[in-house]
Amino acid sequence: MSIKNMTEEKNWSGQKLVSTDYMLFEAPREKHFMTGSEVLKEAVKRCTVDASVSYPITPQSEAAHLIGELWAEGYVGVYFRGENEFGVMSEVQGCSMAGARTITTTSGPGTLRAMENFPTWSGTRIPCQLVLMARGINSPLSIQPDNLEVSFLLETGCMIWYAENVQELFDMSIAAFTVAEQPDVHVPIITSVDGFFVSHTREAVMLPPDDIALRPYNPYAAPLPPIDSEMPPGRFLRDPFVMKSNYISYATHASWQWEVRSAVERSKPYARHYLNGLAHTTGDEDAEVAFVACGTAAHQAKEAQRELTKLGVKSKVVKLRTIRPFPHEELLEAVKDVKYIFVPEFNIVGWLEKEVSKSLYGKCDAKIVGRPRVAGGMSMPAEAILQEVFENTGLKKGA
Amino acid sequence: MSLKYMTPASKFKRYLPKDYVELVDYGPFGKDYSEVGVKNMGTFKELVEEHPMCSGCWMAYYIKIIFASLPNPEDTVTIGTAGCGRLAISQAAVPFIYGNYGDQNAIASGLTRAFRQRFPDRQKDVITIAGDGGMMDIGFSMTMHAWFRREKFTTIMLDNEVYGNTGGQESGMSVEGAVLKMSPKGKNFGKMPATQLAITAGCVYVVKMSPTNINKASKAIRRAIFAARKLGPTFIHAYTSCNIEYSIPTPDVFRDAKEKEKGRFAFEEYMTPEAKELFATIESKKKREVS
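Order-wise, the sequence lines are chains A and B. Mapped onto this note's numbering, the consecutive letters of the first sequence carry residue numbers 1 to 399. Mapped onto this note's numbering, the consecutive letters of the second sequence carry residue numbers 400 to 690.
Nothing false has been slipped in among the hints.
Listed next, the stretches of chain B that the computed footprint assigns to chain A, with coverage defined by at least 3 CB atoms under 8 Å from CB atoms of chain A:
#, region
1, 489-498
2, 505-514
Pairs of lysine-lysine, DSBU-like flavour, derived with a Cα cap of 30 Å:
#, chain 1, residue 1, chain 2, residue 2
3, A, Lys4, B, Lys430
4, A, Lys10, B, Lys403
5, B, Lys618, B, Lys684
6, A, Lys314, A, Lys363
7, B, Lys629, A, Lys4
8, B, Lys403, A, Lys4
Derived by calculation from the structure, the hints in this document are not laboratory data. We put the CB at the ideal spot given by N, CA and C, even for glycine.
Can you make the complete structure from the sequences, with help from the hints?
Put into structure tokens, the structure is as follows:
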């Protein structure tokens, strides 16, 4: 495969180039039965991806293998295994700075090993995509589903989206490139799913045909030019701020950090369009109880919501699909009339409950309960969620 | 294409900064090495001029040699990391990436591969320039793995045998017994064998030198870049003393470099048979060698 085979109509592997709107909303879809890892391969296959760098760690390894197969089949331009996650994320940065549409995957401890890179990514405004298949972090060692590592990513300046299931992972990882590459956004994006529950679970999924693909990334529309020496020579850091101790240098650094975060906020209209909203609410409109959750926890909350309906309790589930930017308006609108908010989570620290409490502080009278929390691979049956509801509200079974 | 980009429209030229116009008119872009290059330093607009390095800094001098030796400055990207060197490298009129601590060879790996993907018919030179700490300590795994992976770019280590920028701490390249910060009783192991590691890891061209002769230094840099284009990773290990941390009086900096040249920085040059053949071909041509 070569970029020389790229035309206005077709990419290097002969796929017809289409808009993201056509890919996500208009193309006919057929039913398949796939795991999250397999569906990510299908998404990458349809995205005209220039580069991917991989490193093994459970549970994301299979997804990384499958991207490698795409490279072997001629759909992806550059692919190799790096030396460790820190090196990999730096290699991703190199590919992306050279103007390549780049994707990588990681999980758990790999995320933390690579940590220094994420604020560097956002600070350099590269629109690469990291698919995080969350598994929790050591010690003690665990490879089980747990999304504690997401809490470490919240303030890196990267966008963070959270997919509930295999279908959402497919659609989100395609939309992710498009939103991240908008010239007025242009920050990295982390597309998260819960490891194993999504990465290894086979589900029915509707896919568009594989002979179409997104148009290639245009690095020359970026707010910062790619470092490909296709530009006039300047003395690029004539007065590096690091060497100054004055107000302007401090103000410049501070304003750049604000700008990165503003760019994340500016992604909202694009994300609303391509994701059909930053939050999805299901259940009773006049609910007393709301579950605010993301990922698999939202799936379990829906199960609890159905049980509550049988018991005559009105409830709703507010599934947050973007964590950065945080959907403040959507959340407030969804919970403004409820009495109780439960935030079920697959981690011990309750990072989402903190986000929800902070967002609603002073704006909503509902009691916020950051439970149930399960971690280290424990499952979250609907009964565990119901138990928290009964213990923390006046509601009773059979009410 | 890159050369075309940098040439301003005639009517626009008068509004551009003087420094930029001088770079285009009198700089080395698109010119033959025999016109510019190290032999003619002082007669053309150099890629590095002002820099904040200390008076008498041997590293600053060597960095000027690196930039005056580039065979294709209009299509070159440099990558560095924390350390004194980047203070001058970042002020060159060549795109520079300052990544995370020690990850220069990882970024260069991604960059080089993506360049070959995006510009299959063009040669873009990628050069990492970092200190002994950046290359052999904090960046060690990425330095080594880039070489093992046979990444086609040039690695230049500016070895001042100390963490100069952070105030004089022991590095893996300090000599045994050196009393430095963080080794208050003297370093208890010797210099890491950087050039041997490079050869073992698969570099096709490896040089160790104290750059006291600018023509010889320039030749090594250009050979390293040419070999990296076609054959594989290349490595230059250059002595660039820290006159501050090692208390070398400015007038003695050159003498110190000459002394090191007789000792642990005696000139070593390794090349694979393929590299030897390549240099024979290139150097027999008198013209500027552009891919």
